[in-house]
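Residue numbers (UniProt numbering), protein chains in the order written: chain A, 1 to 161; chain B, 1 to 470.
Honestly, the hints are just simulated from the structure, not real lab data. Hints are supplied without guarantee of correctness; some may be wrong.
[To be verified] Pairs of lysine-lysine, DSS-like flavour, derived with a Cα cap of 25 Å:
#, chain 1, residue 1, chain 2, residue 2
1, A, Lys17, B, Lys419
2, B, Lys355, A, Lys8
3, B, Lys123, A, Lys17
4, B, Lys111, A, Lys41
[Unchecked claim] FRET-style restraints, in silico, Cβ to Cβ:
#, chain 1, residue 1, chain 2, residue 2, range
5, B, Leu284, A, Tyr19, 45 to 53 Å
6, B, Phe438, A, Val12, 27 to 35 Å
7, A, Trp61, B, Lys341, 41 to 49 Å
8, A, Gly16, B, Ser376, 40 to 48 Å
9, B, Leu185, A, Arg22, 31 to 39 Å
Virtual Cβ for every residue (Gly too), placed ideally from N, Cα, C.
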Amino acid sequence: MEVSAEAKRVMVVALGKLYSSRIQRGGLRLHRSLLLTLVMKSARDIYHAAQATAESVASDWEEAAGPSEEEEAAAAAKLRTGAEDKENQRPPGPPQHARKRRGKAAAEPDFLPCKKAKLEQGNSPQPLVVSSVLVDYVMCGSELGTTTPTPIPIQRAIAAC
Amino acid sequence: TVSQLSGQTPTHEGRDGGERGEDTDSSMEEESDTRKINNSFLRDHNYATEADIISTVEFNSSGELLATGDKGGRVVVFQREQESKSQPQRRGEYNVYSTFQSHEPEFDYLKSLEIEEKINKIKWLPQQNAAYFLLSTNDKTVKLWKISERDKRPEGYNLKDEDGRIRDPSTITSLRVPVLQPMDLMVEATARRVFSNAHTYHINSISVNSDLQTYISTDDLRVNLWNLEITDRSFNIVDIKPANMEELTEVITSAEFHPQQCHTFAYSSSKGSIRLCDMRQAALCDKHCKYFEEPEDPSTRSFFSEIISSISDVKFSHNGRYLMTRDYLTVKVWDLQMESKPLETYQVHDYLRGKLCSLYENDCIFDKFECVWNGSDSVIMTGSYNNFFRMFDRNTKRDVTLEASRENSKPRAILKPRKVCVGGKRRKDEISVDSLDFSKKILHTTWHPHENIIAVAATNNLYIFQDKVN
């Protein structure tokens, strides 16, 4: 679908620009970052709208084609989720350099955000993750100036699209 | 380089690098030499060619002086030469009057941010005595500069000789009174005030009030009011920062005082609206007294609608009755009495509407064009790409596209109108949209307050055009 392909391209370009603007001389430009975020948001909405239309069209086709296609679709979905789970699994085994026994304390606490890419499930609208760029900018520009800006989780931002 | 073309005067071709070269005849307050060397090193080695890019141009209120600011933090002031009676056909041309380093690159250690030295805006103060004053600003700091002439020097000191060496007191046998002797004209620029530490975000504009005592400086989220005499205090009069930055939807893109009403100012937003505020209503002018916005045309909606509706410049007319705004594709004139829609809309380069995606990818869609009124408010001017600039006559509704380029403008020639071919057959002198050079953009222009003289900045070149004299 041309619209969703274009929307995706617009989002990818926006992300690239947002990321490179962080290393630009003179610091983050709030106006530019805001415009890029708005472009991403509208491209994302259009992308999801296009996907929703495509899926509803696809499900119509499935009903018409019969049960064999349904099975195929279900199998395909299973494969995808299986692959996802593999992606989200932590690498097996303890770190090589660990001399201490891996106790409960060494396990990653569950309140930390997962660094792995998470593919979006369904079309549920989520808050735009990339607006954390603006928060990042604010932290750079805060009067206190003692907090160091946290790196934006780019993998998460890309996946959220 | 500076080029000046006009109907009948001989060519004044710019001396390459001469006008904008190193300053030798101005002095200013400065810190240690080491810092200056370090900053020059940074500038010369990393950004050598970029430093010459002109970032702002401004005539003073009499039109006698023209100031330019560049990315390297320098200000160059041109002065119009006196028209001589013996050569009446030689119209006053602009020569370099003063060059000085206004801003240096700085590093904010607390925020780990580099502060660019690029001059974002220059605004002149009306002349009140023999000296000239201007405000220049980079992203964070505004400075008041005094430009004055020195053509006399005291000579005949008792305690030191002509070279400045201290004389041995035992050799002094008589007293004399130092006398002012003429010397070669020297133009000095001194920083009289430094207004700093008032902006968290990047300053995009400054505007001097008609009361000549105050001015405003504006960043993405705030407008601050200053007294020209007081540098350690400024008053925040507009603050649109949301409590949660994630809810930010709009930033301030420019602000300007009304030319006559010292209590009125306007500011434009990235959403394409303008707010007029009255400072008498409240200390914090968050409530506008007028709100100008044109509803969006849903048929032209695209991915980039928000970007192209962002206003890049707002200017009051000289008579104070109108406002002009520039967004990416149009210039609009608003009547202050009508908030619902603009009085006039002019298409600057509508042929770019179909190219927005490419312009977004090559970043051109973020370019901020300025717009300017002529002295009588009958003509408006703004820049475009390929070194084109456009003028719109509000009365006759005629418009013209001109080009600032030395290849296409012979000295003393009249500028030839240009045309962009938008479809179908391209005529001989037309240029097609795909041939336009998007790296050659005219973002900054200024118009003489009374006469038909314009100054146009094309990257690192300054063009001054004058009306033909019959």
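Structure-based check of each hint:
1. A:Lys17 x B:Lys419: violated (33 Å)
2. B:Lys355 x A:Lys8: holds (18 Å)
3. B:Lys123 x A:Lys17: Roughly 32 Å between the alpha carbons, so the hint for B:Lys123 and A:Lys17 is violated.
4. B:Lys111 x A:Lys41: violated (29 Å)
5. B:Leu284 x A:Tyr19: 45 to 53 Å: violated (36 Å)
6. B:Phe438 x A:Val12: 27 to 35 Å: Roughly 21 Å apart at Cβ, these two residues miss the hinted range, so it is violated.
7. A:Trp61 x B:Lys341: 41 to 49 Å: holds (47 Å)
8. A:Gly16 x B:Ser376: 40 to 48 Å: This hint holds: roughly 47 Å between Cβ atoms.
9. B:Leu185 x A:Arg22: 31 to 39 Å: violated (49 Å)
Figure legend: structure checked against the earlier numbered hints; hints not met, in rising order: 1, 3, 4, 5, 6, 9.
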